[in-house]
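J.: Sequence:
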Amino acid sequence: MIVRQLVEQLDLESLTPELDASLDVSRGYVSDMLSDVLANAPQDGVLVTIQLHLNVIAVAIHAGLKAVIFTSGRRPEENVIQKACEEQIQLFVSRDCSFDLVGRLYELGLRSGDA
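For the sequence shown, the working numbering assigns the number 1 to the initial residue and increments by one for each residue that follows.
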C-alpha cells in the first residue's frame, strides 16, 4: 500500500509533509519498547507507537523503517520531527489508540514481517 493511501484512509496527520508519500509499505509493527522494535520490526515497514522521544527516530533508522505513526493524538517535539526529515523517516499522528489503529492497518492489508 502506498503511504499516501494510508494517510487518506486512516485520516492521519502528516508531520513530515515535505517527504515523498508515494513509498510502498506492506508490513508493520507495533511496540512501545524500542529494543523490541530493533529486534523484530520488518525492514521498510511502519511502526505504530506512543513513544515520542528522539530515540524513536534512531531506532527507525537502524531497523530500516519507512514511517512512524504516533497514536492517541500524541505529537513529538520539533527536534524529533526535524531529525525524521533529515533521515527521510515519515511521521504521522493518529487520533486512534494503538489497538484500534493496528486493527485498521490489518484490514487494509498490512501484516507483520512474519506473515
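Keep in mind that a hint or two might mislead.
[Said to hold, decoys possible] Simulated restraints, written as ranges between beta carbons of each label pair:
id, residue 1, residue 2, range
1, E107, Q82, 26 to 36 Å
2, G103, Q82, 23 to 33 Å
3, N79, Y106, 14 to 24 Å
Just so you know, these hints were derived from the structure itself, not from any lab.
Where is the CB? At the ideal position from N, CA and C, for every residue including glycine.
J.: Next step is simple, just say for each hint if it's right about the structure.
T.: Hints, one by one, checked against the model:
The given range of 26 to 36 Å is respected by E107 and Q82, whose C-beta atoms sit roughly 33 Å from each other. With their beta carbons about 31 Å apart, G103 and Q82 fall inside the hinted range of 23 to 33 Å. About 32 Å separates the C-beta atoms of N79 and Y106, a value inconsistent with the hinted range of 14 to 24 Å.
Going through the hint list in order, the structure does not satisfy hint 3, though it satisfies all others.
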